[in-house]
Structures are given as structure tokens and as C-alpha cells.
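Protein chains: 2
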Amino acid sequence: MRAALMYGAGDVRVGDVADPGLKEPTDALVRITTACICGSDLHPYHSMSASGGPVRMGHEFIGVVEETGSEVSTVRKGDLVIAPFAYSDGTCEYCRAGLQTSCVHGGFWAVNGVDGGQGEAARVPLADGTLVRLPVGADDALIPSLLTLSDVLGTGHHAAVRGGVRRGSTVTVIGDGAVGLLAVLAAKRLGAEQIVLMGRHTARTDLGREFGATDVVAERGGEGIEKVRESTGGGSEIVLEAVGLRPAYEQAYGVVRPGGTISRVGVPQYEEAPVGFGSLFGGNVTLTGGPAPARAYIGEYLPDILEGRIEPGRVFDRTVDLDRVAEGYRAMDAREALKVLVRP
Amino acid sequence: MRAALMYGAGDVRVGDVADPGLKEPTDALVRITTACICGSDLHPYHSMSASGGPVRMGHEFIGVVEETGSEVSTVRKGDLVIAPFAYSDGTCEYCRAGLQTSCVHGGFWAVNGVDGGQGEAARVPLADGTLVRLPVGADDALIPSLLTLSDVLGTGHHAAVRGGVRRGSTVTVIGDGAVGLLAVLAAKRLGAEQIVLMGRHTARTDLGREFGATDVVAERGGEGIEKVRESTGGGSEIVLEAVGLRPAYEQAYGVVRPGGTISRVGVPQYEEAPVGFGSLFGGNVTLTGGPAPARAYIGEYLPDILEGRIEPGRVFDRTVDLDRVAEGYRAMDAREALKVLVRP
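Chains as they are written, first to last, in my numbering: chain A, 1470 to 1813; chain B, 1470 to 1813.
No lab work stands behind these hints, which were simulated from the structure alone.
Here are some, though not all, of the chain A residues that point toward chain B, as calculated from beta-carbon distances under 8 Å: (1) PRO1727; (2) TYR1739; (3) GLY1752.
This one's a predicted model, so the numbers in the text were calculated from it and none came from an experiment.
Don't be surprised by glycine CBs; every beta carbon is placed ideally from N, CA and C.
One chain only, chain A, in its complex shape (with noise of 0.2 Å):
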């Protein structure tokens, strides 16, 4: 089947690679119809040794299921189903208590072997765990919306439960990538009173704004972190940082209020970051975070989506088939595209 492959930084192909098949009895077949790029894939396309290539790509993806193993009851031959960006038993302690990227068993798309979700069909390990059938046709208008539950959305979600959101917060999102605009979108949903959105992209930070953004700083580094400390009145509470890169986190513990938090979600492009006196534990401010447990949301926000209170597939702007999924990189880089969509 044909499949993304990264051969290094910015050098994206469509390949062959060998037809997905079931190997264990816990495993479904997909067919994949919807798939996109993520903000993340584009860490290697910067950063990518040309001697670690080529991988596959891809971890966000919508399709109809073809076969299934013997030991899976929850989905079945026909249906559409949307994948989470991590795979997960959904029976181990970390799943049942909402962690399903801690899963004991589970694991991530595109590596040890594990097919990728920019590509025409995936095994899809644990499938019992891991894929929840959506209730519409492989073509409703509601696709790009769903499929943002495999990630982004969700991603969004997780970085303001972690930071606490709740009815009357004061928010500051650092990033108008995707994440950040559905961190926005998830803060609004939560009952956040004013959600600062730092970014300078006018057309992603004009979304932003009709997802719940109150106030929108362009401004970085001292100027930015000078501006949201006025606007909320000596520091956010929350910061929800959507970036993965150092600068963005600087930015969270200067634009934090003492006793506040950083919630990252943007998966960091550092090891060591300032933790000591002057950043973090001065001012007692706590820093929570990590990958999305996706799965952990999808029935939460499934009824939104179905019933049109909310359109997180407006991140969405533009739509390549999968043989011209180096475009979609290159428009993503160039900061084109805020969130490309893939048709295999």
C-alpha cells in the first residue's frame, strides 16, 4: 500500500510499504479515509538525521474497519472508527483511570513496527481499547470535526483540564497552532472568564477569537510577557502552553501568577528547562502536562461535535490527497496551512 515517509529533515515522499494484515487476535484492519499532519510532524521535518529514515508518519486518523481479530468485540466489519494518537488496552490501571498514554500495553503510530496513520490502512493494535466507531458516513461534513478528536482537540481539552480550567479562570495559551486554538475552544467550553491568546498569525488568532479568545497578544518574549501580565492584572493563573519549544515556556513562567499553573501540552523539543527559584518555585507555581490521553475525551466532546455546539474542524484549512502530502508539509511549515487534511 502507499504510505508517508519521512527520509530526513523537510523531505516527505509517498512510498510503498508492505499491506498492513492482523497479526494478533486483538487487532483490527483499517481502511483509513481521513488522516491529517500534525503540528508535532513537523519537529522532524525540521530536526531529522537523513540516516534514521525513512519512518513512517502520521498518528491521526479516521476509517472503516475491514477485518478484525478474534478477540475483538467492540467494533466490527464496516464500521467508521476514529484512532486516538496513541494505542491502549483500555483495561490496565492508567486506562481506567484516564491515562490511556501511560497504558501498560499500549504505545504511539509510526514506530517499533507500528503502522502509521498517514498512509491507506493501519493495524490497529488493541482495537477493543483503542477505536471508537463514530455514528455517521465516511463522508459527513462532521469528518474534519471528529477527527480532530484524535488529537488536537483533545490535546487542547487535556492541557486545560491539567491546568485546572473551570468556571471564571483568567487563561493565557501560548501557540495558535491547532492545539492552542482548541485549547481556547476546550478553556471557553470549560467556563474560563478571560482566555489571553498569544499568537501573531491575524487569520489563526482571528479563530481564536470565535473560539473564545477574550484578548489576543502578538508580542513576544519581554514585550508579550509585559503586555498579559497587564492585561490580567499581574499574571494568568493558567497558562496552557501549546508550543514544545523552550521560548514558549519561558513565556509560561512569565506570564504565570504566583500560585498559578503551566499546563503543557506541546511535546518538548528540551530536556532541561529553569525550574528553580526564579522560574517555578518562587512564586509555588506548578507545572503539569504531557500527551493526551485522546481516548479519554472522545465520548465527552462526541455529543458536541454530533450536535453542532462546537466546530473544532475549522482548524482545518486545507485538504491534500495523500500523494501530495509533501505539499501539505511544506504548507504547514511555511505557516500556509495551519492544519492540513489528508484523503489517501
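Guided by the hints, dock chain B onto chain A, whose structure is given.
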């Protein structure tokens, strides 16, 4: 008057300093009757450059009010009072929220021209917000326990509160100093079911067991991590870090369970540390804590001490006169003494 002065690493002497007097109408003048040496005083004792000295020392004291400014209304001449390790106005938004260490008008003892606690007397700024009257005499047998309210008990409690300890929690405490042992006491008081104390000084860990530790792990590094992960069934839900050195931080993220919380109260002797995918982010670990608002916890703990339900004063195992304070530092540094009471 006489006061402890640190001239550089390993060099503490008692010298003459200016007699304190009222400067502001919100000040009180307190004749110190009992003070002590803190584990955090050992940080400069290890590393202070002689070019920075001499500096005043001490931030924990009980004493008798000698004089009050015209605006002071809650304490008066003759009252026995305790001061927490930070002074605060008691009225700003942070004080009202119980985060007195971030008071907008507050500060710390022994810096910026403010007196230290290891001396004969102190000018207390913002006396109404800072001091709490004690309903006992200056020589009462409860004085050592009451003195822990100025810092180490409040700090141990803060670790537990920020860590989210509640009935049934599994908690690991890193450090067998006074704060670590009182973090054990606080965790027990909040209902923790399993309390693993990491420390290798048997006399201290024995006291820790009396305070509520259910397990003691003497090993450090990888071996210590392995032991804690084993005894907690895969990692500790809550980790209270009561040391402040980087190896203790590394121990903390080594033993914490996915989705768990590390609460730090040992003043970090490092600014940068691991926070990326491999340490905090990947397992959705929360990092919290900071300087304890000891003032906020005095009222809550006072009845427990006055009525004999807890005996936090057992952390004091030596007493020195102010003139021999250097001996107290030496004994604590050599780990011959756990915590040293100082009688001016």
C-alpha cells in the same frame, strides 16, 4: 545586641549588630526567646563566598513583644509570639489566598536590612500580618513543637498539601531532615496510607517511623528508585521532595508514578533540571511546591500541638546558647544533630 553572622562557607560567628528599633508604624520589636538553625542555613554554610559576608542568619523565632508601632493592633507588649519564615501584610490578594510567601509587601528575614532570627531581638515588619500570639509561657515545654510552626512543620505540611495528599494516598518522602520527617507527619495527618521515607540516617528514619512512615528506603540512586517502585507497586502517586539538591529531584521523577505529583519544598540549589519527555512530560507528572506560606498553617496546627496530638518538636535534638551557635551549625552540617535550638 548580639546576633549570628555568617562570614563565608563554614564560618559563623556571634557579633555585635545595631540594636533594632521601630521604623514603621506597622512594626513590632520582639525580644527573641527561642530560635533555631534550619537545614536551608546549611546551603550558604557550604557555598557562601567570603566576599559577600558577613550576613545575618536565622528565620525561625519565638519571642516577647517589647514595643509596637501605632498601627499594630493584634499583638501588644508582653505577648509571646511566633514569626513564620516570611513576613507578610496579611491583607493583599496573595495573603488572602493563603500564599503569604508571595505577599506584595512581604519579604524574608535576614536580607535587605531586615533582622535575622538568630539574635537577641528583631524588628518585625507588618506585625499584624506576620505574628501570631501563643497562649503559653516562654519556657513552656511545648516551645520546641511550637517553634516548628515558623518553618519546618509548615513546610512539611505545604509539601503534603501541594502534593494533594489525602486519605489513602501513597506518598514517598525524599530526605530525612526535619522537613522530610515533618512531611511524613503531615502526610500521615492527612490520611496517607503508605508513606515511604527515603533516608539513611537510622536515628532519623526511626523518628520518621514514629511520625508515620510505613517503609524506609536507605538506598539512593537507581537502587533506591528500584526499591521504592517495588514497594509502591510501580511508582509513588505523590512524592514530597524535602532536600533541594538536584540528585533529590532526579530521585523524585525516578520514583513517581505516571500521572503522579512531585511536590518540592527543599529550596532548589539548581535552576535548570530535566522536565522533558523522559522525566516529567511523558508520564504526565505534575511538579509543584515552593516556599511554604507557614503563616497560613499556624492556626490549623496550633490546637494539635497545644492539645498534645502531635509532637513535631521531637526534631530538635540539641540546644545551644547563641554564643555557641557556630557549634550548632557544625553539628548539623556533620549530621550529628538533626535540628538545633538556639537560646539567645
